[in-house]
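A.B. asks: Chain by chain, the residues:
There are 2 protein chains.
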Amino acid sequence: MDTQPIGELLPPERMLMGPGPSDTHPRVLRAFSIPPVGHLDPSFVEIMDEVQSLLRTVFRTDNRWTIPVSGTGSAAMETAIGNLTEPGDTVLVPGNGYFGERMAKMVKRAGGEPVVVDAPWGEPLSIEAVKTECEAHDPDIVCFVHAETSTGVKQPRVAELTGVAHDHGAIVIADTVTSLGGVELEVDDWGIDAAYSAGQKCLSCPPGASPLTLSDRAVEKVTSRDDPVRSWYLDLTELGSYWGEERAYHHTAPINNIYALREALRIAVDEGLESRWDRHERVAGALRDGVTAMGLSLNADPEFWLPSLNAVRLPDGVDDGAVIEHLLTEYSIEVASGLGALSGDILRIGCMGHSAKPENVLAVVAALGDALERQGAVVDAAAGLEATTEALR
Amino acid sequence: MDTQPIGELLPPERMLMGPGPSDTHPRVLRAFSIPPVGHLDPSFVEIMDEVQSLLRTVFRTDNRWTIPVSGTGSAAMETAIGNLTEPGDTVLVPGNGYFGERMAKMVKRAGGEPVVVDAPWGEPLSIEAVKTECEAHDPDIVCFVHAETSTGVKQPRVAELTGVAHDHGAIVIADTVTSLGGVELEVDDWGIDAAYSAGQKCLSCPPGASPLTLSDRAVEKVTSRDDPVRSWYLDLTELGSYWGEERAYHHTAPINNIYALREALRIAVDEGLESRWDRHERVAGALRDGVTAMGLSLNADPEFWLPSLNAVRLPDGVDDGAVIEHLLTEYSIEVASGLGALSGDILRIGCMGHSAKPENVLAVVAALGDALERQGAVVDAAAGLEATTEALR
Chain A
1 MDTQPIGELL
11 PPERMLMGPG
21 PSDTHPRVLR
31 AFSIPPVGHL
41 DPSFVEIMDE
51 VQSLLRTVFR
61 TDNRWTIPVS
71 GTGSAAMETA
81 IGNLTEPGDT
91 VLVPGNGYFG
101 ERMAKMVKRA
111 GGEPVVVDAP
121 WGEPLSIEAV
131 KTECEAHDPD
141 IVCFVHAETS
151 TGVKQPRVAE
161 LTGVAHDHGA
171 IVIADTVTSL
181 GGVELEVDDW
191 GIDAAYSAGQ
201 KCLSCPPGAS
211 PLTLSDRAVE
221 KVTSRDDPVR
231 SWYLDLTELG
241 SYWGEERAYH
251 HTAPINNIYA
261 LREALRIAVD
271 EGLESRWDRH
281 ERVAGALRDG
291 VTAMGLSLNA
301 DPEFWLPSLN
311 AVRLPDGVDD
321 GAVIEHLLTE
331 YSIEVASGLG
341 ALSGDILRIG
351 CMGHSAKPEN
361 VLAVVAALGD
371 ALERQGAVVD
381 AAAGLEATTE
391 ALR
Chain B
1001 MDTQPIGELL
1011 PPERMLMGPG
1021 PSDTHPRVLR
1031 AFSIPPVGHL
1041 DPSFVEIMDE
1051 VQSLLRTVFR
1061 TDNRWTIPVS
1071 GTGSAAMETA
1081 IGNLTEPGDT
1091 VLVPGNGYFG
1101 ERMAKMVKRA
1111 GGEPVVVDAP
1121 WGEPLSIEAV
1131 KTECEAHDPD
1141 IVCFVHAETS
1151 TGVKQPRVAE
1161 LTGVAHDHGA
1171 IVIADTVTSL
1181 GGVELEVDDW
1191 GIDAAYSAGQ
1201 KCLSCPPGAS
1211 PLTLSDRAVE
1221 KVTSRDDPVR
1231 SWYLDLTELG
1241 SYWGEERAYH
1251 HTAPINNIYA
1261 LREALRIAVD
1271 EGLESRWDRH
1281 ERVAGALRDG
1291 VTAMGLSLNA
1301 DPEFWLPSLN
1311 AVRLPDGVDD
1321 GAVIEHLLTE
1331 YSIEVASGLG
1341 ALSGDILRIG
1351 CMGHSAKPEN
1361 VLAVVAALGD
1371 ALERQGAVVD
1381 AAAGLEATTE
1391 ALR
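In order, the protein sequences belong to chains A and B.
Residue numbers are given in our numbering: position 349 of the first sequence equals residue 349, and the series is strictly consecutive.
So the number in our numbering is just where the residue sits in the second sequence, counting from 1, plus 1000.
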């Protein structure tokens, strides 16, 4: 048995500019530390109602089944996919990034057949490709990633995409992990049947309770299943009786995570969603202008640029690990490397929620210029910083 | 869309004396509100090591695979059952309480065949019954609940029970949700192959990251599965690469929950496990003496008494809901009603972790006496309080 004494928890203070978590607002940290009531306390039932209401506001939906899932973003993802996928279902999944691959894995675990809609990493799905695959495979479900955290690409023309899926009678599941609360998302207007997200991205709430919403049509598919959902913990028909009118005990909710999420959602709603989207675009735009003026380029085409996650291409010969370590050790700034097909080629610089502020972007652009110069890369760090400053003015 | 403004979070202050959550130590609340680092930060990797080490200490195990699962206790439960149960496996589950029924449900979700070992609610499993069912069904897995939160019963003779299971080549899974950190538990010495727990019981950490440990023998069963685990989120072979030496990204850990759990575990280890078990027994013993002197009785035989959860039988004609509401509204004390077969017959009074202290027990015994007298029950409230005070001296 281990017996060495373990001291006080003193983690370093970071500026979180990676793919999440983002910096947490002090109000959210305070909410985390409120002594919990019981998960069946009458006052907690009220809090559940409030969180559901706030989630509807940020998702832009009237969906009754809108809840925080008791786990991190991947738990909400598997709740959506695992409840909606029945054994034998055909499910279109996007081929243009890391999280589409994860969707395919979860579809298989649920007993479904994933069919990949091809697109290069760094591009969105084309509506035409979705249509072709719908015609070829007549899918039960069409999945897409609204904001691909691995490539920095935002899926455009969502309403057209859902229209194509609906024409074929399919249910649409959207990964909105890196868009909710940061870039425009209209669940109802765009015809999305199920959307899931996470706290630690544009909502800036430490992970542990994760947003999920399902339309009546999606709920109908879940409640008319022949086989039970393969996970009891994530079974929406069980969760529905806790979060629905019955308020029957299913499992103990992560009470303090719900407190924190409630505060993070209040902050988002107080700011106003449109203002928040604008802020992300403005601040991330200054980052984009800075790295571009420095001589670098974004991986994503400007048309599909995702403000909350900027995939910055590294000059040839620059070691991504060395740049990341320099930023972390010299400046305590976290950014991340590429995943999968983009591993080694890009840096992923987040601009999410409470992290999306002018001072952070200035610091990142300046620190990145320094790190690249130290690596011997030919960049114009001064021009980068000037462009960022100009854009923020 | 809902648009009513939602105000500051101001939940009532409770004394949590139900079946969990228990009161949270201020140090744990402070740890919750520490600004998070990233889940792949080098400093977080150290924190992961420390939490694993602390978990081994409280579980009394050397098991390498000892981790906090990213969800509440039921997530750890399904991680244990869902990873160890392969389709077609025969799994003995206990019939003596609510959580044995939940085990059976999870076994079915995993494709296994549950076989119930019969025992009345309020009694432990008999070793003889386990032996009989092992002989009759040759199970792959034997499950038991060490501390049944629905009945207040502690399973005795655990090493004999695991011995019987091992004689038949079965893996043993223990539910230690309401025992870990509160009553004696010896994972290695007792031959338990897999044990899971929760934060919000005797560790007094708000729910969201839940202890799990697996022996090498259990890990061998998981890693030699033919079919993949039915949940990607809870798949230990995937989680192993994050919590194991590789530290590869699987999902984002609930960082602040890990911070809080680390602090709760430090508090437990600083107190000393034996001292902690003694405290639970002494303080809960004063509660037991009080309710007995008042004229009530515990549901469990003294031999199987579970200090952390006291199932108190209500006098005939007393409405449990009215008593619970009186305690909550007059004194802000939470206790709970019975579940399943004991619904309406008992009150469940917890005595867990930071809630297991003399002042809380005095308040509960006094408030219970008051509530019962108001309900017209014939109890000797004064004698109850005197016995409690005497026992605490």
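These are calculated hints, taken from the structure and not from any lab test.
Just so it is clear, the structure is predicted and the values come from calculations on it, not from any experiment.
Treat the hints with caution; some may be incorrect.
[Unchecked claim] Now the in silico label distances, taken between C-beta atoms and shown as ranges:
1. Leu1010(B) <-> Pro12(A): 31 to 37 Å
2. Gly169(A) <-> Ala1159(B): 33 to 39 Å
3. Pro1026(B) <-> Glu220(A): 45 to 51 Å
4. Glu1160(B) <-> Glu13(A): 40 to 46 Å
5. Ala363(A) <-> Leu1010(B): 50 to 56 Å
6. Ile1127(B) <-> Arg217(A): 32 to 38 Å
7. Pro1005(B) <-> Gly7(A): 41 to 47 Å
8. Asp118(A) <-> Leu1010(B): 49 to 55 Å
[What the hints assert, rightly or not] Capping the alpha-carbon separation at 30 Å, the derived lysine-lysine pairs in BS3-like fashion look like this:
9. Lys105(A) <-> Lys131(A)
10. Lys221(A) <-> Lys108(A)
11. Lys1105(B) <-> Lys1221(B)
12. Lys1105(B) <-> Lys221(A)
13. Lys1131(B) <-> Lys105(A)
14. Lys1357(B) <-> Lys1221(B)
15. Lys131(A) <-> Lys108(A)
16. Lys221(A) <-> Lys105(A)
17. Lys105(A) <-> Lys1108(B)
18. Lys1105(B) <-> Lys108(A)
19. Lys1105(B) <-> Lys1131(B)
20. Lys108(A) <-> Lys1108(B)
21. Lys1108(B) <-> Lys1131(B)
22. Lys1221(B) <-> Lys1131(B)
23. Lys1108(B) <-> Lys221(A)
24. Lys1221(B) <-> Lys108(A)
25. Lys105(A) <-> Lys1105(B)
26. Lys221(A) <-> Lys357(A)
[What the hints assert, rightly or not] Here are some, though not all, of the chain A residues that point toward chain B, as calculated from beta-carbon distances under 8 Å:
27. Ala31
28. Lys105
29. Val116
Every residue gets a Cβ at the ideal spot worked out from N, C-alpha and C, and that includes glycine.
A.B. asks: Indicate, hint by hint, whether the structure satisfies it.
C.D. replies: Now for the hints, and whether the structure bears them out:
1. Leu1010(B) <-> Pro12(A): 31 to 37 Å: Taking Cβ atoms as reference, Leu1010(B) and Pro12(A) lie about 33 Å apart, which means the hint holds.
2. Gly169(A) <-> Ala1159(B): 33 to 39 Å: violated (58 Å)
3. Pro1026(B) <-> Glu220(A): 45 to 51 Å: holds (47 Å)
4. Glu1160(B) <-> Glu13(A): 40 to 46 Å: Given a distance of about 52 Å, which is not inside 40 to 46 Å, the answer is violated.
5. Ala363(A) <-> Leu1010(B): 50 to 56 Å: The hinted range 50 to 56 Å is violated for Ala363(A) and Leu1010(B), with Cβ atoms some 36 Å apart.
6. Ile1127(B) <-> Arg217(A): 32 to 38 Å: violated (53 Å)
7. Pro1005(B) <-> Gly7(A): 41 to 47 Å: Given range 41 to 47 Å: holds, Cβ gap about 44 Å.
8. Asp118(A) <-> Leu1010(B): 49 to 55 Å: This hint holds: roughly 52 Å between Cβ atoms.
9. Lys105(A) <-> Lys131(A): Answer holds: Lys105(A) to Lys131(A) is near 23 Å, not above 30 Å.
10. Lys221(A) <-> Lys108(A): Satisfied, since the Cα-Cα distance of roughly 18 Å is no more than 30 Å.
11. Lys1105(B) <-> Lys1221(B): holds (21 Å)
12. Lys1105(B) <-> Lys221(A): Holds. Lys1105(B) to Lys221(A) sits at ~22 Å (cutoff 30 Å).
13. Lys1131(B) <-> Lys105(A): violated (40 Å)
14. Lys1357(B) <-> Lys1221(B): violated (42 Å)
15. Lys131(A) <-> Lys108(A): Holds. Lys131(A) to Lys108(A) sits at ~22 Å (cutoff 30 Å).
16. Lys221(A) <-> Lys105(A): Holds: Lys221(A) and Lys105(A) sit about 21 Å apart, inside 30 Å.
17. Lys105(A) <-> Lys1108(B): holds (22 Å)
18. Lys1105(B) <-> Lys108(A): Satisfied, since the Cα-Cα distance of roughly 22 Å is no more than 30 Å.
19. Lys1105(B) <-> Lys1131(B): This hinted pair holds, its Cα atoms lying about 23 Å apart.
20. Lys108(A) <-> Lys1108(B): Given pair Lys108(A), Lys1108(B) holds - Cα atoms ~19 Å apart, limit 30 Å.
21. Lys1108(B) <-> Lys1131(B): Holds, at about 22 Å.
22. Lys1221(B) <-> Lys1131(B): Satisfied, since the Cα-Cα distance of roughly 22 Å is no more than 30 Å.
23. Lys1108(B) <-> Lys221(A): holds (21 Å)
24. Lys1221(B) <-> Lys108(A): Holds, at roughly 21 Å.
25. Lys105(A) <-> Lys1105(B): holds (24 Å)
26. Lys221(A) <-> Lys357(A): At roughly 42 Å apart (the allowed maximum being 30 Å), Lys357(A) and Lys221(A) break the hint.
27. Ala31: Because about 6 Å separates Ala31(A) from the closest Cβ in chain B, which is inside the 8 Å limit, the hint holds.
28. Lys105: holds (5 Å)
29. Val116: violated (17 Å)
In this structure, the earlier hints numbered 2, 4, 5, 6, 13, 14, 26 and 29 are contradicted, and the remaining ones agree with it.
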